[in-house]
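K.L.:
What follows is each chain in one-letter form.
Protein chains: 2
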Amino acid sequence: MKQGYRNMMVTNPTTAKCCHICKLPGRVMGIRVLRFSLVVILVLLLVAGALTALLPTVKEDKMLMLRREIKSQGKSTLDAFTLIMQTYNRTDLLLKLLNHYQAVPNLHKVIVVWNNIGEKTPDELWNSLGPHPIPVIFKQQTANRMRNRLQVFPELETNAVLMVDDDTLISTPDLVFAFSVWQQFPDQIVGFVPRKHVPTSSGIYSYGSFEMQAPGSGNGDQYSMVLIGASFFNSKYLELFQRQPAAVRALIDDTQNCDDIAMNFIIAKHIGKTSGIFVKPVNMDNLEKETNSGYSGMWHRAEHALQRSFCINKLVNIYDSMPLKYSNIMISQFGFPYANYKRKM
Amino acid sequence: MKQGYRNMMVTNPTTAKCCHICKLPGRVMGIRVLRFSLVVILVLLLVAGALTALLPTVKEDKMLMLRREIKSQGKSTLDAFTLIMQTYNRTDLLLKLLNHYQAVPNLHKVIVVWNNIGEKTPDELWNSLGPHPIPVIFKQQTANRMRNRLQVFPELETNAVLMVDDDTLISTPDLVFAFSVWQQFPDQIVGFVPRKHVPTSSGIYSYGSFEMQAPGSGNGDQYSMVLIGASFFNSKYLELFQRQPAAVRALIDDTQNCDDIAMNFIIAKHIGKTSGIFVKPVNMDNLEKETNSGYSGMWHRAEHALQRSFCINKLVNIYDSMPLKYSNIMISQFGFPYANYKRKM
Chain H
1 MKQGYRNMMV
11 TNPTTAKCCH
21 ICKLPGRVMG
31 IRVLRFSLVV
41 ILVLLLVAGA
51 LTALLPTVKE
61 DKMLMLRREI
71 KSQGKSTLDA
81 FTLIMQTYNR
91 TDLLLKLLNH
101 YQAVPNLHKV
111 IVVWNNIGEK
121 TPDELWNSLG
131 PHPIPVIFKQ
141 QTANRMRNRL
151 QVFPELETNA
161 VLMVDDDTLI
171 STPDLVFAFS
181 VWQQFPDQIV
191 GFVPRKHVPT
201 SSGIYSYGSF
211 EMQAPGSGNG
221 DQYSMVLIGA
231 SFFNSKYLEL
241 FQRQPAAVRA
251 LIDDTQNCDD
261 IAMNFIIAKH
271 IGKTSGIFVK
281 PVNMDNLEKE
291 TNSGYSGMWH
301 RAEHALQRSF
311 CINKLVNIYD
321 SMPLKYSNIM
331 ISQFGFPYAN
341 YKRKM
Chain Z
1 MKQGYRNMMV
11 TNPTTAKCCH
21 ICKLPGRVMG
31 IRVLRFSLVV
41 ILVLLLVAGA
51 LTALLPTVKE
61 DKMLMLRREI
71 KSQGKSTLDA
81 FTLIMQTYNR
91 TDLLLKLLNH
101 YQAVPNLHKV
111 IVVWNNIGEK
121 TPDELWNSLG
131 PHPIPVIFKQ
141 QTANRMRNRL
151 QVFPELETNA
161 VLMVDDDTLI
171 STPDLVFAFS
181 VWQQFPDQIV
191 GFVPRKHVPT
201 SSGIYSYGSF
211 EMQAPGSGNG
221 DQYSMVLIGA
231 SFFNSKYLEL
241 FQRQPAAVRA
251 LIDDTQNCDD
261 IAMNFIIAKH
271 IGKTSGIFVK
281 PVNMDNLEKE
291 TNSGYSGMWH
301 RAEHALQRSF
311 CINKLVNIYD
321 SMPLKYSNIM
331 ISQFGFPYAN
341 YKRKM
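Residue numbers (UniProt numbering), protein chains in the order written: chain H, 1 to 345; chain Z, 1 to 345.
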């Protein structure tokens, strides 16, 4: 190539001219330009090669992670959820409910938060009645705390949590639909139990349900919370909960209540919009009357409702704001039950 | 300043040195540098001055526009919508409906697309029955085309369009609620009439409603279109429609049908997700039986339903894809009608 260039230099009159930028003779200039061009081309090739080498590796890592997850459980953990069910003194209900929930589509695993301190978990019984469709892990707790179910469980592999109280039976169609809704709104609590806070002229809030004054001046009602005890939410919110001020954990421990109200505060504050979306359940039952344990749920305590209002005001104090936002969006499944969208004629 | 500089030159040894870049004496170099610096500084000052002069003017213009709009209409055009109602041969229904719609909250203006070619618009009558809450503009058309209502009307100032057929009465609570839903999903058609396309083993699609086979294997039904004739959508989609291939306009003109199917195709393709969200109407009526004109709507033509299926397949051909996506989300207003969320016990 050098040979050819020298020939070009001799025959091409332009290269023989003086470069007006610099005083060097054309021929030397020519070689320097050639060298410079070659260096630039080489550098570009190296950069391109580096990029080509880097990009697929990043993609491969992601693909590898996905494949590993799929292999280990037989389904992608992006399309599945983990049931977290906390239980205290209602093992008969728990086992009845587990028989139902273990068969729900897209369920990855069940984590049972065993608040029966000192009592053995029913692993043996459970295993003797296997095989089961999915793994169920009984986690013995050290103390009977309401907030035990909000720990960051290492066994949890999915992006979504289904949290259900140990006396609540939610039908499979409801769960399948609500999960599909959560997948479209993964930053919000998608659940079946709406509640609201009500402001009063004194600035003190009350907690309640449909019986309370609807806020605002329009038609209908509003909700500002979706209770986590029958809901889907993003598993990263468990980590978010653990990062909250100690005062929040103390409030929940003192009242043995309000972990769900706290979660709604935390999430609303985090996302800057309403914490949850209400999905109207078609078939959801409370089984607490069916228990043989004689144990009634916490919400039967005389002070329960007042505690909930108390918690709201305490949380406003802790966060120095009221982050809850109202919504009146109610989601149902189109065409289920049959023809539920037919309008009145 | 020149005086001071000359003194500096004499006393400052560095300026007396030769500039190594150029062979001119230091003093001449110094003056040239000074002049150059002054020119640069002057230019920068002019640019800065220009920017300072321009910026507030732009903001002021926007503020002025907003204020003018607020003054003229009493509401911000971000929180208001424009009703576009196309009409043909049903002026009695039109005027009855206008009496209702003109009083809907957050309505900015009405644009009546007058497809009665050769017949005078009822401006005189309308004005004689004033004053009216909002402006109503009757736009005489040059030809009776179905797609006339999808023009980019210069009178349209709002981000949202409410499009209603001239025989459809939608109650105010339904409109107020659906508009609030649209504000949360401004890239989708939020409306009251869901429809779907149904694939067949031959690859040929059919158009239909609840009577047709639900796609997929789950519970309930799905919809893939929300008809624009009773809906809110983003006004920029009118511009998007005008930018579509001529074949789309030709199809609508040939069938005098399918402008709404086309809009769903266009929007689904544009946003990569389902084109619309279905809001279940509480009180919506079709008044076509009440007209004295003897004119029945287009959908009574024998070939109407077959045309709709025909249009779907034509549009798939034009766009070389099926962009419509299914959804089973049905939205209702929480607590309206009263206690509509109470679950079965």
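Honestly, the hints are just simulated from the structure, not real lab data.
It is possible that part of the hints are untrue.
Within a straight-line C-alpha distance of at most 20 angstroms, the following computed DMTMM-like cross-link-like pairs (lysine to aspartate or glutamate) qualify [said to hold, decoys possible]: (1) H:K139 to H:E239; (2) Z:K325 to Z:E211; (3) H:K342 to Z:D285; (4) Z:K96 to Z:D285; (5) Z:K342 to H:E211; (6) Z:K139 to Z:E155; (7) Z:K342 to H:D285; (8) H:K325 to Z:D79; (9) Z:K96 to Z:D79; (10) H:K236 to H:E157; (11) H:K236 to H:E155; (12) H:K273 to H:D320; (13) H:K342 to Z:E211; (14) Z:K273 to H:D79; (15) Z:K289 to Z:D92; (16) H:K273 to Z:D79; (17) H:K269 to H:D320; (18) Z:K269 to Z:D187; (19) H:K325 to H:E303; (20) Z:K120 to Z:D92; (21) Z:K325 to H:D79; (22) Z:K273 to H:D285; (23) Z:K269 to Z:E239; (24) H:K273 to Z:D187; (25) H:K314 to H:D253.
Values in this document were obtained by computation on a predicted structure and should not be read as measured data.
K.L.:
Is the Cα-Cα distance between Z:K289 and Z:D92 20 angstroms or less?
P.N.:
holds, 12 angstroms
K.L.:
Holds or violated: Z:K325 and H:D79, Cα atoms, limit 20 angstroms.
P.N.:
Holds - the C-alpha atoms of H:D79 and Z:K325 are around 19 angstroms apart, at most 20 angstroms.
K.L.:
Can the restraint linking H:K342 and Z:E211 be considered satisfied, given a maximum Cα separation of 20 angstroms?
P.N.:
holds, 12 angstroms
K.L.:
Can the restraint linking Z:K269 and Z:E239 be considered satisfied, given a maximum Cα separation of 20 angstroms?
P.N.:
holds, 15 angstroms
K.L.:
If you draw a straight line from the CA of H:K314 to the CA of H:D253, is it 20 angstroms or shorter?
P.N.:
Roughly 13 angstroms between the alpha carbons, so the hint for H:K314 and H:D253 holds.
K.L.:
Are Z:K325 and Z:E211 close enough, with their CA atoms no more than 20 angstroms apart?
P.N.:
holds, 19 angstroms
K.L.:
Run the distance test for Z:K273 versus H:D285: straight-line Cα separation, threshold 20 angstroms.
P.N.:
Cα-Cα ~34 angstroms, so violated.
K.L.:
When you check the alpha-carbon spacing of H:K273 and Z:D187, does it fall within 20 angstroms?
P.N.:
Cα-Cα ~18 angstroms, so holds.
K.L.:
Check the hint pairing H:K325 with Z:D79 against an upper bound of 20 angstroms on the C-alpha distance.
P.N.:
holds, 19 angstroms
K.L.:
Decide if the proposed pair is consistent with the structure: Z:K342 and H:E211, CA atoms, cutoff 20 angstroms inclusive.
P.N.:
Holds - the C-alpha atoms of H:E211 and Z:K342 are around 12 angstroms apart, at most 20 angstroms.
K.L.:
H:K236 and H:E155: Cα distance at most 20 angstroms?
P.N.:
Answer holds: H:K236 to H:E155 is near 14 angstroms, not above 20 angstroms.
K.L.:
Could you grab the alpha-carbon distance between H:K236 and H:E157 and see if it respects the 20 angstroms cut-off?
P.N.:
Cα-Cα ~11 angstroms, so holds.
When the structure is compared with the earlier hints, violations turn up for hints 9, 19 and 22 and for no others.
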